[in-house]
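Chemist: Each chain is listed here by its residues.
Protein chains: 2
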Amino acid sequence: MNNGMRAQDLFGIDLPILQAPMAGAQDAAMALAVSEAGGLGALPCAMLSAEALQKQLAWLTARTSKPYNLNFFCHTSPAVDEQKELAWRASLAAYFREFNIDPMQIPEGPGRQPFNHEVADLVEPFRPPVVSFHFGLPAADLLARVKGWGSLVMASATTVEEARWLEAHGADVIIAQGVEAGGHRGLFLDTDINTQVGTFALLPQVVRAVKVPVVAAGGIADAAGIRAALQLGAVAAQLGTAFLLCDESLITPLHRAALQQPAGEVTALTNLFTGRPARGIVNRLMREQGPMTRRVPEFPLATTAITALRKAAESQGSSDFSPLWAGQNVTGCREISAAALTRLLAEALSATEE
Amino acid sequence: MNNGMRAQDLFGIDLPILQAPMAGAQDAAMALAVSEAGGLGALPCAMLSAEALQKQLAWLTARTSKPYNLNFFCHTSPAVDEQKELAWRASLAAYFREFNIDPMQIPEGPGRQPFNHEVADLVEPFRPPVVSFHFGLPAADLLARVKGWGSLVMASATTVEEARWLEAHGADVIIAQGVEAGGHRGLFLDTDINTQVGTFALLPQVVRAVKVPVVAAGGIADAAGIRAALQLGAVAAQLGTAFLLCDESLITPLHRAALQQPAGEVTALTNLFTGRPARGIVNRLMREQGPMTRRVPEFPLATTAITALRKAAESQGSSDFSPLWAGQNVTGCREISAAALTRLLAEALSATEE
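Protein chains in written order, with the numbering used here: chain A, 1 to 354; chain B, 1001 to 1354.
Hints were generated in silico from the structure; no laboratory data involved.
Treat the hints with care, since some could be wrong.
What the hints assert, rightly or not - Here are the in silico distance ranges between beta carbons for each label pair: (1) B:Arg1343 with A:Trp59: 52 to 60 Å; (2) B:Gln1316 with A:Ala87: 40 to 48 Å; (3) B:Ala1351 with A:Asp192: 37 to 45 Å; (4) A:Asp14 with B:Arg1127: 51 to 59 Å.
To be verified - Far from chain B, some chain A residues (derived; all Cβ distances over 12 Å): (5) Asp14; (6) Glu51; (7) Val153; (8) Ala257.
Unchecked claim - Under 10 Å between C-beta atoms, here's a sample of chain A residues computed to sit facing chain B: (9) Ser77; (10) Pro78; (11) Val80; (12) Ile193.
Beta carbons are placed, not taken as given, at the ideal position from N, Cα and C, and that holds for glycine.
Whenever a hint applies, use it, and build me the whole structure from the sequences.
Modeler: Structure representation (structure tokens):
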């Protein structure tokens, strides 16, 4: 089981707890809080400009000598398909009329840059203890740079096949991301969400299939969940949703409210917001247009059209068009600091209960 | 956690192990083997004629005094929608041509009768220790009869909302059926499979939401899985897939072979075979027509057209049109007797490992 490895030895942290990187929902402040409390904090970098990344990294490393995790996406940036983009905007026409938006005058949405050599140049001097990737791994030369400067490399697998691929291509640690997880699915070999696997089935099968340590993600909300994940062979558990109501979370008040309403327990995988399947609380756009559709432009281009609607709706106090990312278990959310939440989890873990 | 209840006290069995009822895949022989070995064996009754049910029950009760579980479906039998049936057969026309089948001359498929008073009349003299239901609960008067003669009543919940509903309507025990589970989803309140929940998230939330004991199902294949389920608050774990290769299993050689091939680890929810979403190994029909479609006749009417194709294909050694029911974790399957598998699980459970 977990190859005799402990999170303490693998990551140099006190607790078997990783904070999931959540692009758009948090910055280095949350990473700092979790790392200082004994977990592995994470800084999501996919939506940061070079300048912002430099600033966040400098801020974080000036404040802690504890290990932390830098997370990057490694998708292939697609070319714009004008036909598809126009058809997509046409299919959203009624919404644009509702908010008096000219669909031909929409500014580009927030970009999501894949990891590349320019980003690597910027990161290298910091030699981050852990670097993690979503949507596979970067090209071999890029990955070699990251490993060369000493970072431990983690990557997400959503199937046993992806786990085997990641190990074969150089991942040091594999995150078994069960279908319960909030935000973007890390899938990269098969894009069919119908075959995505729940944590209870995925985790032990990945542990059997690979020799590298495995981190569990998806549906884990508390100490009992962490213990169950360790029981199934994980070296540590990665929690994201549980941190969404913490003081350091940067999600909107509308997103916070959605997480605390009874409807917050109903989520689905949707590709409407970015072009890739991601789990969020079911809202009007998902009910009316999906939650999955083939009409959507490729990731991350889909973001543009929806962001215009999102901004207009949010300005009227509505989250009908907002990506309300959340996993399938919101019961671990607490309106306290991320440090306090990490300590609470640690206390519950060390309590001798069975 | 699990309200202080133990499987031993609740069911009168030695082990926290329930064998999942698998209609079409097993009969009383498997129930007997598991019950005699200290678990709770189950007899699936949904596809049995009155005569067969009587015979199976007499056979089982003559051979054991241990507790067992009788499982029934409680769907509403739909009226045939001629239009839909014709359109469905038309959309399968190429397959019918491939196998030289006249789509207008297909005998009716295997029926699935919901639990009713006639069945209750037949069951009552046996006073089965446990009766479980899939797709909700039967009408109040029927449920009152079952509880009145002393059976413990279990029912499957696929969402927290369904668990609350089942408790409010009289279920004594709730099975939290995570999306990993093989065979038919028990869903009955919301038919949207996009919002179905993984075991890791569903189980602890159901345990929090209801006061009755909760059994975990979905993705559990071995002792570590059972322990993890208990850790998350379950009073016991229900395993189905793990028993599919046992000597007592009645699945076809083609189904057995599919479970043992690498592709056997890739399953999806599909409504193509019966009209209701159920998890099976991905095969040609699922790849080409779904796995989910709105064109399919209502459960269980969809069975008729597909059964004709299934029989023709199977006679040629192909499982392209067979429902290859399986959960997302086939690693627990063993080609031994169900009694031996139950004892193996018991031994691994009692071993002092952590």
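Chemist: Would you mind marking each hint as holding or not holding in the structure?
Modeler: To see whether the hints hold, each was checked on the structure:
no., hint, verdict
1, B:Arg1343 with A:Trp59: 52 to 60 Å, "holds, 58 Å"
2, B:Gln1316 with A:Ala87: 40 to 48 Å, "holds, 43 Å"
3, B:Ala1351 with A:Asp192: 37 to 45 Å, "holds, 38 Å"
4, A:Asp14 with B:Arg1127: 51 to 59 Å, "holds, 55 Å"
5, Asp14, "holds, 19 Å"
6, Glu51, "holds, 38 Å"
7, Val153, "holds, 25 Å"
8, Ala257, "holds, 19 Å"
9, Ser77, "violated, 28 Å"
10, Pro78, "violated, 25 Å"
11, Val80, "violated, 28 Å"
12, Ile193, "holds, 9 Å"
Checked against the numbered hints given earlier, this structure breaks hints 9, 10 and 11; the rest are met.
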